[in-house]
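Got chain Y sorted already, so can you dock chain H onto it with the hints?
Protein chains in written order, with my numbering: chain Y, 56 to 417; chain H, 56 to 417.
Simulated from the structure, these hints should not be mistaken for lab results. Honestly, I wouldn't trust all of these hints.
Because identical chains share one entry, a pair is satisfied inside a single copy or across any pair of copies.
The list that follows gives simulated cross-link-like pairs (lysine to any residue, SDA-like), each with its CA atoms no further than 20 Å apart [as the list claims (entries may be wrong)]:
1) K409 <-> R371
2) K402 <-> L355
3) K409 <-> A354
4) K402 <-> A211
5) K397 <-> V133
6) K397 <-> D380
7) K397 <-> E379
8) K402 <-> R371
9) K236 <-> P309
10) K236 <-> E415
11) K299 <-> T282
12) K397 <-> S223
13) K236 <-> G249
14) K409 <-> D353
15) K229 <-> G218
16) K402 <-> A354
17) K229 <-> E400
18) K409 <-> A121
19) K409 <-> L355
20) K409 <-> D352
21) K299 <-> P309
22) K402 <-> L359
23) K299 <-> E410
24) K397 <-> D326
25) K236 <-> E178
26) K397 <-> T362
27) K402 <-> S346
28) K409 <-> L359
29) K402 <-> Q194
30) K229 <-> G249
The model shown is predicted, which means the values in this text are computed figures rather than measured ones.
There are 2 protein chains.
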Amino acid sequence: MTGVIEHFHAVVPAGGAGTRLWPLSRAGAPKFLLDLTGSGRTLIQATVDRLGPIAGHRIMVVTGAAHRDAVAAQLPEVDPDSIVAEPSARDSMAAIGLAAAMLERRDPDAVMGSFAADHVITEPGVFRETVRTAVRAAQDDWLVTIGIDPLIPSPAFGYIHLGDPLESHPGAFKVRSFVEKPSVHVAREYLASGEYRWNAGMFVVRPTVLLDLLGARDPEFVASLRTIADDPGRIDEVWPALPKIAVDHAVAEPAAERGRVVTVPASFGWDDIGDFDSLAELLDTTGEATSPIVLGDDALVHALHSTGLVVPGSGRTIAVIGIEDIVVIDTDEALLVTTRSKAQEVKHIVSALKESGRAELT
Amino acid sequence: MTGVIEHFHAVVPAGGAGTRLWPLSRAGAPKFLLDLTGSGRTLIQATVDRLGPIAGHRIMVVTGAAHRDAVAAQLPEVDPDSIVAEPSARDSMAAIGLAAAMLERRDPDAVMGSFAADHVITEPGVFRETVRTAVRAAQDDWLVTIGIDPLIPSPAFGYIHLGDPLESHPGAFKVRSFVEKPSVHVAREYLASGEYRWNAGMFVVRPTVLLDLLGARDPEFVASLRTIADDPGRIDEVWPALPKIAVDHAVAEPAAERGRVVTVPASFGWDDIGDFDSLAELLDTTGEATSPIVLGDDALVHALHSTGLVVPGSGRTIAVIGIEDIVVIDTDEALLVTTRSKAQEVKHIVSALKESGRAELT
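Extracted from the complex, chain Y is given alone in its bound form:
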């Protein structure tokens, strides 16, 4: 099947600073505004590119007020009225819930699909076919997630525990439960069982179904979201009181307990680029690089007996000698030197900079 899916609306939550990608990502230049793949398109541009063939112009972005202009500049094809600015960060339930409240007013037959602005998907055709299957299940009032085939027993992702196939929708399975990031040991058992998929945080659902599921636990939250959708001028008044909660905890997990969630397993390449180790993994397409992967102008990098990732972001020449799995991130204001295996610790540097009064660098 090809072509735009009728009544399908793509929602792109664009939040999160990506502190583990400092100093490439910073508060003023979050991950989704960066071209982390060397493709010439930023992550949010690639996300919208990927959705265009199935969503057409029905794309809504929800981002922080500070990033609204940058998002609009990167996405000239998105209607400026569909770039919703959050007055403050209220976590994903508020962002996605507001989009749902706006969409149920615009289109009573709407099915929304929520896809983060900062993920990388390497097989967009497979992704889109998966979304088509998910939309069909969502039209029957299921909350539908997409469950990625786990390639490795990663402790960095949450998992979806599959139940029985959904007879009415081939390709969809009931969800028994969502599980938080496991240990590697437990993740290995998950993979061996064949019953688990990575939770990529992608939801496909009718807006009213989403709001009803939320309203079953927090009707006031839903009323507030509908108030804003009804009169956007009241956002500054109503928004600050919204609960800070992730859509997973507010809706997906309780709905799974009530048997209301299904998942469409899929095997497209997916990464949330959580840190520089993931980024190096993503960019080293052969897995056998004998010199550092360079994201940027590789004429600036001179490496001897080294592997890893080098980002020459300041225009300066960078020489690297004799270090395996090195990570060198060179920007105009800050320089990071670490290894792929220590990449998770970058967030501690960001915290230390804030604590030492150098928040302007974060």
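Using the frame of chain Y, we list chain H on its own:
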């Protein structure tokens, strides 16, 4: 004994790019013009500071024409006429020989001492007492070297093989031979024997003795040097034809064979800072640093679980995570990332930059 030594003239050859200290040292900013110890004084300033108490104002610097102005600016206490500019690099025999030819004209009773501009000496008082002993032997027409007590079996230095004590000059020993940089294995045997000292390239000698020793093998060389000393206006004409040879090969080694060389063993702290490993060793005074040594503003460096050497030379913040013995040299135009054990390989990067047409960075 204290005070200026009569008729003693210090000669400071200031040459060598220090390619293994790239990008801190560069062709336009060689090692001797840099403050590599964080003392507030550059290496050549510290060299002149160290010589002042025994040489007074009798200090002559021989440097490349390109560095003459920078040397003069760093050494306001040195008579500009005593800063001799080499039209081109002709190795150490030409530089030291020219100084000798100039000094034998100025002062028939002169004893010259040649001390490189880019060495570090941590016990200047002991150094000066050693030079006093050397000057006394030189007045009796010996070519006198200074032999440093070897602390470790370093393969990075040449060695002096001691012979019998010189009865006429307590503290001086005949030199059997000079030996080139040995393997670590051979160096260990040298240390065990007690008969070897590091050759620090320091010579104390009467200028005429030095020129006569050279003239015994290459009278034309000496004639050319005396021509320039006689009429400095002819330097551009005569200089380019001078042999490119080190003073060690041209004079010291053959003179040792003829039994004309003595050495004064000494135990002051000495280093030629051959690479970043030596520099880290020098700066880590306790030898037990648990975070990287910072040469520069340590407020710019945030390190976690790392040791080594960080030079924050561009004003940017540098974060280092989880690497032992890391070397990070950050300058405005280039960045080096390596480890102490690979520091010797930096010269290959400099060669590669030259070969790839980026000599402006070297």
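We went through each hint and held it up to the structure:
Only between protomers do K409 and R371 lie at most 20 Å apart by alpha-carbon distance; the minimum there is 16 Å, versus 27 Å within a single protomer. Proximity of K402 and L355 under a CA criterion of 20 Å is satisfied inter-copy only: 17 Å between copies versus 27 Å inside one chain copy. Taking the shortest Cα distances, K409 and A354 sit within 20 Å of each other only across copies (14 Å), while inside one copy they are farther apart (34 Å). In this assembly of identical chains, the alpha carbons of K402 and A211 lie at most 20 Å apart only when taken from the same copy (15 Å versus 41 Å across copies).
With identical chains, the CA atoms of K397 and V133 are never at most 20 Å apart, being 38 Å at best within one copy and 51 Å at best between copies. In this homomeric assembly, K397 and D380 come within 20 Å of each other (Cα to Cα) both inside a single copy, at 10 Å, and across copies, at 15 Å. Within a single copy, K397 and E379 get their C-alpha atoms as close as 12 Å, and across copies as close as 12 Å, so both meet the 20 Å cut-off. With identical chains, the CA atoms of K402 and R371 are at most 20 Å apart between copies only, with a shortest distance of 18 Å across copies and 25 Å within one.
In the homo-oligomer, the alpha carbons of K236 and P309 lie at most 20 Å apart inside one protomer (18 Å), although the nearest pairing across protomers, at 74 Å, exceeds that limit. Within a single copy, K236 and E415 get their C-alpha atoms no closer than 31 Å, and across copies no closer than 51 Å, so neither meets the 20 Å cut-off. Taking the shortest alpha-carbon separations for K299 and T282, only the intra-copy value of 18 Å comes in at or below 20 Å, while the best inter-copy value is 87 Å. Taking CA atoms no more than 20 Å apart as the test, K397 paired with S223 passes in neither setting, with 47 Å inside one copy and 64 Å between copies.
Taking the shortest alpha-carbon separations for K236 and G249, only the intra-copy value of 17 Å comes in at or below 20 Å, while the best inter-copy value is 63 Å. When the C-alpha separation of K409 and D353 is checked against a cutoff of 20 Å, the pair qualifies only between copies, where the shortest distance is 17 Å, while the shortest distance within a copy is 32 Å. With identical chains, the CA atoms of K229 and G218 are at most 20 Å apart within one copy only, with a shortest distance of 5 Å there and 91 Å across copies. Proximity of K402 to A354 under the C-alpha cut-off of 20 Å is restricted to the inter-copy arrangement: shortest distance 19 Å between copies versus 30 Å within a copy.
In the homo-oligomer, the alpha carbons of K229 and E400 never lie at most 20 Å apart, since the shortest distance is 37 Å inside one protomer and 59 Å across protomers. Proximity of K409 and A121 under a CA criterion of 20 Å is satisfied intra-copy only: 19 Å inside one chain copy versus 45 Å between copies. Taking the closest pair of Cα atoms, K409 and L355 come within 20 Å of each other only across two copies (14 Å); inside a single copy the shortest separation is 31 Å, beyond that limit. Taking the shortest Cα distances, K409 and D352 sit within 20 Å of each other only across copies (19 Å), while inside one copy they are farther apart (31 Å).
Within a single copy, K299 and P309 get their C-alpha atoms as close as 17 Å, which meets the 20 Å cut-off; across copies the closest is 84 Å, which misses it. Within a single copy, K402 and L359 get their C-alpha atoms only as close as 29 Å, which misses the 20 Å cut-off; across copies the closest is 11 Å, which meets it. Taking the closest pair of Cα atoms, K299 and E410 never come within 20 Å of each other, the shortest separation being 23 Å inside a single copy and 58 Å across copies. Proximity of K397 and D326 under a CA criterion of 20 Å is satisfied intra-copy only: 19 Å inside one chain copy versus 35 Å between copies.
Within a single copy, K236 and E178 get their C-alpha atoms no closer than 25 Å, and across copies no closer than 59 Å, so neither meets the 20 Å cut-off. Taking the shortest Cα distances, K397 and T362 sit within 20 Å of each other both inside one copy (15 Å) and across copies (15 Å). When the C-alpha separation of K402 and S346 is checked against a cutoff of 20 Å, the pair qualifies only between copies, where the shortest distance is 19 Å, while the shortest distance within a copy is 26 Å. Taking identical chains as interchangeable, the C-alpha atoms of K409 and L359 lie at most 20 Å apart only when they sit on different chains, with a minimum of 15 Å there against 35 Å within one chain.
Within a single copy, K402 and Q194 get their C-alpha atoms no closer than 41 Å, and across copies no closer than 66 Å, so neither meets the 20 Å cut-off. Taking the shortest Cα distances, K229 and G249 sit within 20 Å of each other inside one copy (15 Å), while across copies they are farther apart (82 Å).
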